[in-house]
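Given the coordinates of chain A, assemble chain B onto it according to the supplied hints.
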Amino acid sequence: MNIEIEDIAKQFGATAALHPVSLFIPSGTLVALLGPSGSGKTTLLRILGGLEFPSTGRVLFDGTDATGLTVQDRRAGFVFQSYALFRHMTVFDNIAYGLRARSRKSRPAAAEIARRVNKLLDLIKLPDIGARYPSQLSGGQRQRVALARALAIEPRMLLLDEPFGALDAKVRKELRQGLRDIHDTTGLTTIFVTHDQDEAMELADLVVVMSMGRIEQVGKPEDIRARPKTPFVREFITA
Amino acid sequence: MTDTLTIPSRPRAFRPATTEPPVIRRVLIGVCLVVLTVLLFAPLIAVFDEALRQGWAFAIASLSESDAQSAIRLTLMVAAIVVPVNAAFGIAAAWAITKFDWRGKAWVITLIDLPFSVSPVVAGLLFVLMFGANSAVGAWLVASGFPIVSALPGIVLATLFITFPFVARELIPVMLEQGRAEEEAALTLGASGWRTFLTVTLPNIRWALLYGVLLCNARAMGEFGAVAVVSGKIRGQTTTMPLMIEMFYNEYLSVAAFTMAALLALLAFVTLTLKTALEWRYADQLAASHRH
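Quick mapping for you: the protein sequence lines, in order, are chains A and B.
The first sequence: position 165 = 165 (the numbering used here), numbered continuously.
Count along the second sequence from 1, add 1000, and you get the number used in the numbering used here.
Calculated directly from the structure, the hints in this document are not laboratory data.
Just to be clear, a hint being listed does not mean it is correct.
[Unchecked claim] Beta-carbon label-pair distances, calculated as ranges: (1) B:G1179 - A:A110: 29 to 35 Å; (2) B:E1279 - A:T238: 52 to 58 Å; (3) B:L1202 - A:P108: 36 to 42 Å; (4) B:L1202 - A:F53: 23 to 29 Å; (5) A:G38 - B:R1103: 22 to 28 Å.
Here the structure is a predicted model, which means the values were calculated and not measured.
Just so you know, even glycine gets a beta-carbon here, dropped at the ideal spot from N, CA and C.
Extracted from the complex, chain A is given alone in its bound form:
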């Protein structure tokens, strides 16, 4: 699904988190929103997911206006910064949550839910942890469970907020490849937020550099590296 952002702005009280920004994301792209904290990247991600509503502007999914669509109707697979796994549920129940929350008409039968959850556990290469609680998992395992939970709802896009932020360097490297693989298998338009330029450059097809609520540059990693458009971008990617 392609995503069009048209002059989206967001005010929090007197402060502008986002100045009007526009962006087109072709279907199936893996996009990094790159910038320092306070650059508005998380706000933009939350607007796409329906967790925040823009003060002005429109969001279009495949050409249809989705600005007023509720968070439930967006069907955005969202991975939160600290994963936000349901701590009182097992991994299996966490992943099954979205399917069980469906209306009676579209809810799969229990056996079908189990089949899909097990398939997702295989996809994240953790087939045997269904019965465990989130508190019994390592940081990297939690991240992958959060990813599986987001994928369970058959999302139209995948949104990840600092997906590698809470992990140590070695696990980061492994999981980067994991995310790339999952993106390539599912073909979903995937947008992740990061403040780490190496991560953005290595992983993404398209990098969006943001600062102070504005988009500084959009481009392929190699283009941004070769031709930084503004002094900010030059400084940020060499830092």
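The following block gives chain B in isolation, referenced to the frame of chain A:
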């Protein structure tokens, strides 16, 4: 290796840095036990001892008197109304305060604590002033056959006021610490607001809620000051258990007074036992939901 690294012969040198020597430990534990005995166990035993001074039969007979019976019934009824209402209020208040940002929030947090800082007698007087026969509202209420002061509604109102903070106070810190991320995750997975509340919020706060409800219940059954002012203390009609205890005591019916007191203490004891039993039964879940 043995000749280069000699192990000190006195193991005392290896005392772990995080514990005190045995003497100090024993003294601290001893002080704690003495204080508990003097302040808690001894008075409790004295109450039961006094109640049973003239035997079980006599104590039970004093409870089966009609005034005593109606006091017990009234107290249980007030608790049965107040606890669910305040549990619902408390959840709503804590939810609004911790999951949303709005103007005047700081004020509301202060107001929730008001019943803790105002003397219960003053609270009782407030209700008498508002709804008593001398006020316009009160006079109209009495005339229309629905008196509040010196009747059940007044007792319920006063108890609601006094016990309002318990549930909210227990929930607010827990819900603040847990943040909004899990609720947001449930919403992105397609759950409605109500389903999110039932399947995510409520399970995460159930232990804090249980503590709050138990504290609220204990206070609702034990409240004296505010109820004494509002109830009018009509024997057999608006006299709750704590009021009844005072009346018996003032009439030198010490066995009746202490038996009723023992019963009130027993009710508290039952709730505490229930709490401990639940904690023991769900220890694994409790541990899982705290570490994360």
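Status of each hint after checking the structure:
Remark: the range hint 29 to 35 Å for B:G1179 to A:A110 is upheld by a beta-carbon distance near 31 Å. One distance hint, 52 to 58 Å for the beta-carbon pair B:E1279 and A:T238, holds here, with the actual separation near 56 Å. Between B:L1202 and A:P108 the beta carbons are some 25 Å apart, a value that contradicts the proposed interval 36 to 42 Å. Taking the beta carbon of each, B:L1202 and A:F53 are about 27 Å apart, inside 23 to 29 Å as hinted.
Distance hint check: the CB atoms of A:G38 and B:R1103 are about 24 Å apart, consistent with the given range 22 to 28 Å.
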